[in-house]
Amino acid sequence: MKDTVDSYVTEDGRTIGGVMMDMRGITLRFGGVEAIKDISFDIREGEIRAIIGPNGAGKSSMLNVISGFYHPQEGEVWFRGEKRPPMKPYQVARQGIARTFQNIALFEGMSVLDNIMTGRLTHMKSGMLAQALWMGKAEREETENREAVERIIDFLEIQAIRKTPVSRLPYGLKKRVELARALAAEPKLLLLDEPMAGMNVEEKEDMSRYILDVNDEFGTTVALIEHDMGVVMDISDRVVVMDYGRKIGDGTPSEVRNNQDVIDAYLGVAHD
Amino acid sequence: MLYREAGDFKTTYKADSQTFPIAFDRWRYWAVLAVAWLVIPFVINDYWANAILVPFLIYAIAAIGLNILTGYCGQVSLGTGGFMAVGAYACYKLMTSFPDVSMLVHIMLAGGITALVGAAFGLPSLRIKGFYLAVATLAAQFFLVWLFNKVSWFYNYSASGQINAPERFVFGHAVTGANTTPAAQYLICLLFVTGCALLARNLTRGTVGRSWMAIRDMDIAAEIIGVDPLKAKLTAFAVSSFFIGISGALFFAVYLGAVEVGEAFGINKSFLVLFMCIIGGLGSLFGSFAGAAFLVLLPVALKVLGVDVLGWPTQIVSHLQLVVVGALIMFFLIKEPHGLAQMWRHIKEKLRLWPFPY
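These protein sequence lines map, in sequence, to chains L and U.
Residues in the first sequence are numbered consecutively from 1, following our numbering.
Residues in the second sequence are numbered consecutively from 1001, following our numbering.
No wet-lab data here; the hints were simulated from the structure.
Note that CB positions come from ideal geometry on N, CA and C, so glycine has one too.
Careful, some of the hints might be misleading.
Stated by the list, open to error - Below 25 Å or equal to it, Euclidean Cα-Cα: the simulated PhoX-like pairs (lysine-lysine) are:
| hint | chain 1 | residue 1 | chain 2 | residue 2 |
| --- | --- | --- | --- | --- |
| 1 | L | 37 | L | 125 |
| 2 | L | 88 | U | 1231 |
| 3 | U | 1010 | L | 163 |
| 4 | L | 37 | L | 83 |
| 5 | U | 1303 | L | 125 |
| 6 | U | 1014 | L | 137 |
Said to hold, decoys possible - Just the calculated beta-carbon pair ranges, DEER-fashion:
| hint | chain 1 | residue 1 | chain 2 | residue 2 | range |
| --- | --- | --- | --- | --- | --- |
| 7 | L | 85 | U | 1352 | 51 to 59 Å |
| 8 | U | 1020 | L | 203 | 34 to 42 Å |
| 9 | L | 209 | U | 1010 | 40 to 48 Å |
| 10 | U | 1099 | L | 137 | 33 to 41 Å |
| 11 | L | 82 | U | 1099 | 42 to 50 Å |
| 12 | U | 1347 | L | 82 | 29 to 37 Å |
| 13 | U | 1096 | L | 82 | 54 to 62 Å |
| 14 | U | 1014 | L | 71 | 38 to 46 Å |
| 15 | U | 1147 | L | 137 | 56 to 64 Å |
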């Protein structure tokens, strides 16, 4: 068992805390197919944790286990020192875990502002009657949360498209709005499923900067899946490598880079 | 030039999230309200009340109700007629059981009872979507009509199987029964339309409305952001049925006065209200009004044109009506699938630039 309480300071001066999320012996099957085979890893408070691996390795399935879409047949999920019972996705959201999707999953019929406001849902408590009459708490809450949303809009530099319907936006901006929606929830743990897929170099740089800023300014723990190795090696503190549902590597970027199993998985290995 | 938002600066978030952010819209809204409340009641006559205004107002409430469910929450329902019948029969039972209680209370209670029934029939929506849900709500439609025909307790064991609205008063004026003036009929409907539209608007611009729309647009993402699908769908069914129940109660008590359930609240009614929503524009409150106005006015306009202007025989005109209305609906859906509300938005964008092309 690894040490679970010690915190340490990274080279660039950020403090990485104890274990926030601990996946223990997760096995996930779909019928006869084992998508994830007995994988254990942890995510520490304040770190940027990358999950990488070739296509079909089970990375997205792992994210779906964390966010409550899939319930593993074996293994335990520990979050902030407590074992998590099987939960529905909306209950996971209320625990402070937000995520984005590989294929953008925005609410196409709503404006950018409404999309991001939806992210504040877990912070809004006023009842239906109060909202129907639009008095007192409901109105106050709407204004307060609008302020919080405007801070996110400022942060991600999307002021100009605030009122635009999401369906009219180009791909790169949609990705950014989706990140904004997840950030609006003020999550403790942010899960990003291929945040840079399909972007050009400039957009990737922007997105990397946002992820680093989110981590640095809000102290949000980030777990991300990404295929661009350059980005992964640059921004992540630790990397989990998966292949065919198994974990084949876990460690700092430089450790992973020199791991023979990882090299084999990515470059292929000669069979004799 | 005519219609613009330039120069209309907002300095608070509250001002920015109001119902009509553009000043011109606000003035128009108050003008419409003023005419509706202060002018029409004094000039209304029997023909205008019974042929146009009262049915328009009642259908507008039903269309708002269905639009919340189908347009905002994305759950297709063909049970509107059945839920209107629940409102009508609940209102009838309340009126005859508690004759001394105000009619306004009865109508709201009828809406409340319909909300409970609607939420119960909304339970399948947790498992099934789209066309399959439409079929499940169709079952509600047929079951409810059958129930009100079969169980004679609902129509107080009357021999005809009909329900008749007894005379009731609000502030000393008859609003149901034979002695109702057109103005009283109109005003009680207008009161409920105004109230329902305000409630619907407030619900759809806040958290509840955003949860509904999130479920409609992408249910998986909605769940991941913290929307409880059970709660969102059932509240949509309940709120929608509340409005539909009120419209059913008004339709029976104020408009028709006597109702035979299969005739007044059959499957045709479900389709009529659904068409209003689609033609008006799904997910738009303005669309609910526009759709109701379109489908109420169109037959009347065709009749006036055919019988009074062209002098054709009445039967031919009434048959032609069906053909023309059907054709127009198809034409509309091909030309503007998002309904009258979308058309209105296009007009506004053009007006913003007028007289310049761009």
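Verification of the supplied hints:
1. About 40 Å separates the Cα atoms of residue 37 of chain L and residue 125 of chain L, which puts this hinted pair outside 25 Å; it is violated.
2. Proximity of residue 88 of chain L to residue 1231 of chain U is assessed by CA-CA distance (about 13 Å); at most 25 Å being required, the pair is judged to hold.
3. Taking the CA atoms of residue 1010 of chain U and residue 163 of chain L, the gap is near 14 Å; set against the 25 Å cutoff, the hint holds.
4. Restraint check for residue 37 of chain L and residue 83 of chain L: the C-alpha separation of about 20 Å stays at or below 25 Å, so the hint holds.
5. Taking the CA atoms of residue 1303 of chain U and residue 125 of chain L, the gap is about 52 Å. The hint is violated against a cut of 25 Å.
6. Straight-line distance between C-alpha atoms of residue 1014 of chain U and residue 137 of chain L comes to about 13 Å, which keeps the hinted pair within the 25 Å bound.
7. Taken as a hint, the range 51 to 59 Å holds for the pair residue 85 of chain L and residue 1352 of chain U, whose Cβ atoms sit roughly 54 Å apart.
8. One distance hint, 34 to 42 Å for the beta-carbon pair residue 1020 of chain U and residue 203 of chain L, holds here, with the actual separation near 37 Å.
9. A hinted range of 40 to 48 Å for the beta carbons of residue 209 of chain L and residue 1010 of chain U is inconsistent with their spacing of about 31 Å.
10. Between residue 1099 of chain U and residue 137 of chain L the beta carbons are some 38 Å apart, a value that agrees with the proposed interval 33 to 41 Å.
11. A C-beta distance of roughly 59 Å is found between residue 82 of chain L and residue 1099 of chain U, which places it outside the suggested range of 42 to 50 Å.
12. Remark: the range hint 29 to 37 Å for residue 1347 of chain U to residue 82 of chain L is contradicted by a beta-carbon distance near 57 Å.
13. The hinted window of 54 to 62 Å between residue 1096 of chain U and residue 82 of chain L holds, with their beta carbons roughly 58 Å apart.
14. For the hinted restraint 38 to 46 Å between residue 1014 of chain U and residue 71 of chain L, the CB-CB distance of approximately 43 Å keeps it satisfied.
15. For the hinted restraint 56 to 64 Å between residue 1147 of chain U and residue 137 of chain L, the CB-CB distance of approximately 40 Å leaves it violated.
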